[in-house]
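A.B. asks: As a plain string of letters, each chain reads:
4 protein chains.
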Amino acid sequence: MIIILKSDATEEQIKHIQEKAEKLGLQANISRGVEKTVIGLIGPEDVLRGTPLEIFPGVEKVIPVLAPYRLVSREFKKENTVIKLSHNVTIGEKKLHVMSGPCSIETHEGLRNIAREIKKSGGTILRGGAFKPRTSPYDFQGLGEEGLKYLKDVGEEFGMPTVTEVMDPRDVELVCRYVDVLQIGARNMQNFSLLNEVGKTKTPVMLKRGISATYKEWLMCAEYILSNGNFDVMLCERGIRTFETGTRNTLDINAVPVVKQLSHLPIVVDPSHGTGRWGLVSSGARAGVAAGCDALMVEVHDNPEEAFSDGAQSLLPKNFESLMIELKAIAKAISREI
Amino acid sequence: MIIILKSDATEEQIKHIQEKAEKLGLQANISRGVEKTVIGLIGPEDVLRGTPLEIFPGVEKVIPVLAPYRLVSREFKKENTVIKLSHNVTIGEKKLHVMSGPCSIETHEGLRNIAREIKKSGGTILRGGAFKPRTSPYDFQGLGEEGLKYLKDVGEEFGMPTVTEVMDPRDVELVCRYVDVLQIGARNMQNFSLLNEVGKTKTPVMLKRGISATYKEWLMCAEYILSNGNFDVMLCERGIRTFETGTRNTLDINAVPVVKQLSHLPIVVDPSHGTGRWGLVSSGARAGVAAGCDALMVEVHDNPEEAFSDGAQSLLPKNFESLMIELKAIAKAISREI
Amino acid sequence: MIIILKSDATEEQIKHIQEKAEKLGLQANISRGVEKTVIGLIGPEDVLRGTPLEIFPGVEKVIPVLAPYRLVSREFKKENTVIKLSHNVTIGEKKLHVMSGPCSIETHEGLRNIAREIKKSGGTILRGGAFKPRTSPYDFQGLGEEGLKYLKDVGEEFGMPTVTEVMDPRDVELVCRYVDVLQIGARNMQNFSLLNEVGKTKTPVMLKRGISATYKEWLMCAEYILSNGNFDVMLCERGIRTFETGTRNTLDINAVPVVKQLSHLPIVVDPSHGTGRWGLVSSGARAGVAAGCDALMVEVHDNPEEAFSDGAQSLLPKNFESLMIELKAIAKAISREI
Amino acid sequence: MIIILKSDATEEQIKHIQEKAEKLGLQANISRGVEKTVIGLIGPEDVLRGTPLEIFPGVEKVIPVLAPYRLVSREFKKENTVIKLSHNVTIGEKKLHVMSGPCSIETHEGLRNIAREIKKSGGTILRGGAFKPRTSPYDFQGLGEEGLKYLKDVGEEFGMPTVTEVMDPRDVELVCRYVDVLQIGARNMQNFSLLNEVGKTKTPVMLKRGISATYKEWLMCAEYILSNGNFDVMLCERGIRTFETGTRNTLDINAVPVVKQLSHLPIVVDPSHGTGRWGLVSSGARAGVAAGCDALMVEVHDNPEEAFSDGAQSLLPKNFESLMIELKAIAKAISREI
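Respectively, the protein sequence lines represent chains A, B, C and D.
Under my numbering, the first sequence has 285 at position 159, and the numbering climbs by one with no breaks.
Under my numbering, the second sequence has 303 at position 177, and the numbering climbs by one with no breaks.
Under my numbering, the third sequence has 133 at position 7, and the numbering climbs by one with no breaks.
Under my numbering, the fourth sequence has 282 at position 156, and the numbering climbs by one with no breaks.
Each statement offered as a hint is correct.
Remember, identical chains collapse to one label, so a pair may be satisfied in a single copy or spanning two.
Derived pair list, reagent style DSS-like, types lysine-lysine, alpha-carbon separation capped at 30 Å: (1) K245 to K458; (2) K210 to K220; (3) K458 to K204; (4) K245 to K220.
Derived by calculation from the structure, the hints in this document are not laboratory data.
I would like the entire structure built from these sequences, with the hints used as guidance.
C.D. replies: In structure tokens:
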């Protein structure tokens, strides 16, 4: 921890900080510059957790030396985390995977039709929502367990692992019985009760970035999951909220290399939410692969005009097919494959 | 619903939209301008919920005519909602109330000491956290039920209704047994399971604005609560996330008059989180009252250096006392009282 | 300057940084913690300007100890700057001033009518735009010198100093001949050619905050003006751009106490642009005074429906009159006056 | 223009709007729904420019039907604009171009060395700053005309067209004498005097997006240039300001397909400013090409530690070389070439 003092900090104030630090087992290293005095606290920063040094008299600014997360950091684990799913799918290696499917699971037959198309074009993981977090209480809220059954069934039929969102800590056990990957949605990124609950399972988790979460906050939420014992976490960039209203969200493509530098966890890009308009999805998907992501999540629907949710950002199967051809070529251009 | 068509929309595309509308029981009113054609759909917009008209061929933009919320709107209920708490405290009338107390409940004795000071200066509602949503899994997470007991006890001793945060739908019943007002924190504003759960109780709710929630999204979350039967909801502006890093959050003072225009629900201002630094809290509190809020929430601690959380933004009792004197004068200046 | 090294920084990398520092006349103070090594550079930070230490091998983060601005800082000058204008108006003392008038100067007679009303209600400075920065090239661009003449004339008739925007460095001399205060608009906050030009005059300057400028960047722009010799600068908070679209801008009320802490320059609040809707202006103006500003800028028009610009956010004279009564009471409540 | 009325709008208010519209030559089409009345104004929207319909009594919201820009829009001109520069370089066709060079021009010899490396790797346009907009008045401000001479000279030696920033309307003529493309920097995007001045020349312009400019505002600024007669404008996405501080800016990759849809002008991506850290630049450059941009701008320096500016985000020539190999493969994957 580094403490920059105000120009007019007194000796008494310096002593007060020093005493506090020493009481906590830290060594205070005082460095007096021409204009400012700086105190470096040497020792485990963790003991300072909760001590608001910035309000101690004479203090201007406090700067932590260590990142607030541990288990998720690249420093803690140098090699990339690889997550093994059913049907020989692994996330985090040379081969990229594309998760695809409808926003909401609607009917068993409808899901089958979409899954068939996706599989044919090269999609390897099936997505579909059974519990839907909706802005309005009057919107369709998902089929619940019925939807989970369809998802499991169709995933097995086509040999695809499955992913679905869980919103309520009371549903975690239920959802684990049906799917391969638990999705934590953007709105629930900091729902700590839910994070603790999925952290106690052995099911892989995909943690979506909150709509206005910093990289640091996002990694701290992953830390919640890992610190409960579940290390199979992938992070999903799905667009952030900015001043721009010309798109639903702003896909933060920088997140891909930043996460790769800070963490060993795999990174997924979701250009459907990252743009919010189907006409922009392919461009965002290509950018995600070129930037170096480990997987994509793309919403596909065979009749978007009648979709129960997110029809506006769903690709038609034929557009998904063309996209997959481009993605394969781009992956190859950067020595990866799809 | 108003639909603006692309310049090159065809007659067939117009017919397709018209048919869809009529199938849903709406009347399509077509208006052909020099450059663009506009279709107005007359009838209940609700039937269009989920139909992504924006992807229908030929459509450029879709504009809803009605607000997406109903029960919370000023149009639904003209007169201000007044919420009655214990000890003759009512929120939403001429008299403003100041909710105050420590961020976290730490000890029974500590809470009593702070409550005594607050009461003396004119604070009328006691706040304190027992379940704490913390960015880091390694931070103090609150005393849980033990803390709730202290809060109830001290509130009764000093004749003050109490408010505390609930984070998990499984805790709602427990928390209701101890406090007068359930706080939904900013991070859980869109935790719809939790909103549904508090909506089923008869305990008043204070819904904090999410860190990057628009007014509309915030009101939609209140709508979740009201639509479950609980109409005693107050909204709390507690600062939003912007590009500015010189303060922890940006207190959006415009929210006060905007909420008053759009909704009948009372509005609370929290300058502690809205600024994040105790040296700015008084200024924000004064601005909140001057702008027309119905209540304030201000964190106070008698030893911020040792506070378990949010020490940096807590006022000392003596500063709270001076602030209350200013606030009373400002309230009077705009024909209200504290 | 403080340099935090990566965990795996080598001795050679440390030596490379040390040598660079010493070559520039700085002393490198190396502190080796358990996990990280930190280097403190002691001496004038200015010599490092332009040296990108963050890319030196082994460096994780670089933290400046000193603020990047000097002349504008509270540390440079403890007492508040007071700016003297004509007609015995001074900005930065106990008495607050309200600058008011139409967005655009339209006609001589129209300006007179508005000025008369403002003066009657207690406004003391007359504003009006002659050069208008407009989002569209097809919008009304202002009357130019003709407008400046009206402004000067009407200001003298009613005994009010005047303020108007200057947009082009080539117009600075011209505008100085007519008005008391040069306004730099939000869009031109970082128009450094223009800042240098107004910095060379002796005319007071009101520097509006850029729509997405941090406090630090804003103060750096004031530093441009002061470093050219013109110390009569006031800062104007006029709302920032955020994700919220329910208002035109978000009035950042925190800016008032923050600027007061960091700088000796007076601070003005503009609730007209800070809200963008006349129905919210009074609330923002009251908040500004309560928060501690030194002056307000409020747009007033006697026929907003026909105003050439910003009619939507202009107050009618009768609303301005009621507002002034409230403002006087609030100023008194915090020991100031209007 | 579409006007949505308040639920309680009176007949008199409707008539008032109708009369205003008819006076301006528009036809008012009134449509009465169950809850709301909507007025469609048919005729040229331009006559309403400046009339603040939103404050007319009874009005709730006003929605323009037409985009505010004309000349830059895809509707005005269907085919892509192609800009021809010297040395057979054309922007806006199948072949992508990479503009590269140092942030600041420092010495003649230094610029030659960098240009030689860039040319060898496949860069086709030479960039370098002679007039530098710097956050601090104490930073290096550029070599001015001396720098322009070096740029012209080196560009000719290596057969590369050149691009440099112009900041002051008084310098436009001078800069035109030396370079092929005038760059308008992000800070000056809304410097309308400067836009008018470059619009009067015949030199192509690269207009960078302001740090918090919406797509619409950006296009309006291009409209300023085109409306002055200069149609050779390219737009440059260079990162926007968001809440995220882990990168200098957030590269808005969505801007590429959005601009392509809305406008016929070519789009350039600048991953150097879009990320702010050299370790992220390659990822952003690859994403830009994959997303469909027409050109890239990448800062390169052979000794970033000693660069006069932006050393932190400059690539070394050897990294630029590797990047170009990847970019060629990605371009090919989407049927373009570099």
